[in-house]
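Listed below, chain by chain, are the residues.
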Amino acid sequence: MNAPESKTPPAEPVLGRPHRRSMLGWLSVGLGTLATAAAGAPILGYLLSPILRTPKNEWAEIGPVDDFPEGETRLVDFVDPLHRPWDGEAKNLAAYVRRNAEGEFTVFSVNCTHLGCPVSWFPQSGLFLCPCHGGVYYENGEHASGPPPRALYTIESRVQDGKLAIRAGRLPTLQAPG
Amino acid sequence: MRSIVQNVFEWLDHRLAIRSAIWPIVTHPVPRGLGWFYVFGSATLTLFIVQLITGVCLAVVYVPSAADAYTSLEYLNNEQPLGWLLRAVHYWSASGMVVMIALHMTRVFLMGAFKYPRELTWLLGVVLLLCTLGLAFTGQVLRWDQDAYWGLGVGVAMAGRVPVVGPSIVHILLGGPNIGGETLSRFFGLHVFVLPGVLIAALAPHLYLVVRQGISARPKPGQPVDPATYQAEYDAELKAGEPFFPKDVSRDAIFSALTVLVVFGLAVAFGPKGPNGHPDPTIVQAEPRPDWEFLPLFAILALSPPEMETALMLVMPVVGIAILILLPFISGKGERSPRRRPISVLIVLIFFVTYGVLGYLGNVAPWSPQMDAWSGEPVPVAMIKGLSPQELQGAAVFQNKTCRNCHALDGTGGRRGPDLTFVADRLSNGELIRQVLQGGGNMPAYGKQLGPAEVEALVAFLETLHKAHEPPVGTDDAVKATNDTAAFKPR
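Residue numbers (this note's numbering), protein chains in the order written: chain A, 1 to 178; chain B, 1 to 491.
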């Protein structure tokens, strides 16, 4: 019903005021949008930068292979290869290095796969226990009991020139374990 | 002198219109007989002001850097004059604010004060609640200690379970790939700028609406809210009412003053909380626990069945907030009196009983293994008197294989698994062997960790754990039981 009306040109502006007012209105909305976008885009980019530019895990040297007797699991400390200069004590991370009877290495993250608490290794019983909600893992990292939904997170490792190195830095979570 | 004061007042009154614009607000009429149930909102506000002032004071000494935060907290506790007291007041006042906002919302809910025409006041109140809880969580991160570090880990592990975008949320929250300097800075920004800003932005219209819509009268049974007639009824109540100032405001002032005194009393008596243990991720012996407000959540995460856990931790908060938001639209009319709203009363009871029970469980955390029990809690001497060498060997296996971390003997040790003081009364020899080797019922299988001799010794020891004068399950040897000197008599 209103379609034909909208096609008719607007009435001649009286003293030019209605026309000028709507011009100003559009201008304020348009410029305002532009200014908001111009100011907002870099702010959003700044705040979201951790996902726009997520650093990949990097190699951290752990130590000579001979430090790890076959058939044992050891807790190791290493400096987070992705740490910031002002990270303080938080720049040091820990991992469990397991060398099985055949001499192969498996490195586990200390973070429980349930909710990230630090698991403790008990060589006496060959179990990892979590202090938060009682998750338990076997020595090969497999889930033994309690709420964890999967085995311990493993960390990529390599041996070069007789030294063990691991690829770490990112906090492992269920959907991004690596 | 008097004329100077008068002149200053006149000058101010001319500019601010105190007499004509502000005084009527101070003395606006409120219904008669409001009583002491209406004081919790103003007490929340008072504690928020205490938080603002003590927060600014702490911020001028505290260093929000991962490298120095812990040291600056120790400096505040031990070196800075009255630093310990301000930290303590900030902590206890924060706890008090959570208590007061909970009481305030409960009062408003039970008295149906969220109904027409005060729906928007309630919605803004929900925003204030979320800000308060957000401040409580971010505040415990600023206490950059072991609990803060691993608590962050738990928080982001939950966020990381959100489908598809979980990992991105984790990295946005952490400000990087792992918990570190940028994480603390982000939470500092949230705690001191963003959340207080949002809180104040919601508080201003909340208070405006309290004046604009008026304080609701005490509900009377059989007087339902009907939008068509409510305003006329309320106007009549105001006509018979009294000015807010001085009587009602005095109740608010008295209760707020008492609240502040209690907060300061608690602060002096119990001191500040933490920092407990360095935020050093290589100290894996940490046993992180959240502050009391979040203990029920901690308990839910331990007790919910694994298959529904992700849904519970992601959906439950959303549903909870949605219910709070929808409440005034679902039940915006009708009876206000709790005497005519039994389901509402029941909801409040169930909520607080659940919160209390889960909080208690979160505090004792029976599901957490006692990590040092295997070496710290010896087998009670009475339990090993008169044992054969093989049974004694079994007791040693029981300790060395860390069974004690989850199983108590005579009440000491972990409580993750059942107390084994009288296990032989429940399980036969065959059942014990099966349980040890294969595990099950939330116990790991020890088949690979124990040699045959160790299993035999362990089970021999476990079979001695039965009540005196009662034979172990699966044996008919009543004579053995009555003569069994090893049978343990509990303390």
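Worth double-checking, as some hints may not be accurate.
Pairwise CB distance ranges (calculated) [claimed, not checked]: (1) B:Ile25 - A:Thr33: 32 to 40 Å; (2) A:Val79 - B:Arg107: 51 to 59 Å; (3) A:Leu48 - B:Val319: 44 to 52 Å; (4) B:Asp419 - A:Val65: 53 to 61 Å.
Beyond 12 Å from chain A on every Cβ pair, some chain B residues (computed) [as the list claims (entries may be wrong)]: (5) Ala17; (6) Met111; (7) Val262.
FYI, nobody ran anything at the bench for these hints, they're computed from the structure.
All C-beta atoms in this analysis are idealised placements derived from N, C-alpha and C, irrespective of residue type, glycine included.
Evaluated hints:
1. Taking the beta carbon of each, B:Ile25 and A:Thr33 are about 38 Å apart, inside 32 to 40 Å as hinted.
2. Checked against the given bound of 51 to 59 Å, the beta carbons of A:Val79 and B:Arg107, roughly 53 Å apart, stay inside it.
3. The hinted window of 44 to 52 Å between A:Leu48 and B:Val319 is violated, with their beta carbons roughly 28 Å apart.
4. Checked against the given bound of 53 to 61 Å, the beta carbons of B:Asp419 and A:Val65, roughly 45 Å apart, lie outside it.
5. Non-interface call for B:Ala17 relative to chain A: holds, since the shortest CB-CB distance, roughly 32 Å, exceeds 12 Å.
6. B:Met111, annotated as away from the interface, keeps every beta carbon of chain A farther than 12 Å; the closest lies near 39 Å.
7. With a cut of 12 Å on Cβ distances, B:Val262 stays outside the contact zone with chain A, its closest approach being about 32 Å.
Checked against the numbered hints given earlier, this structure breaks hints 3, 4; the rest are met.
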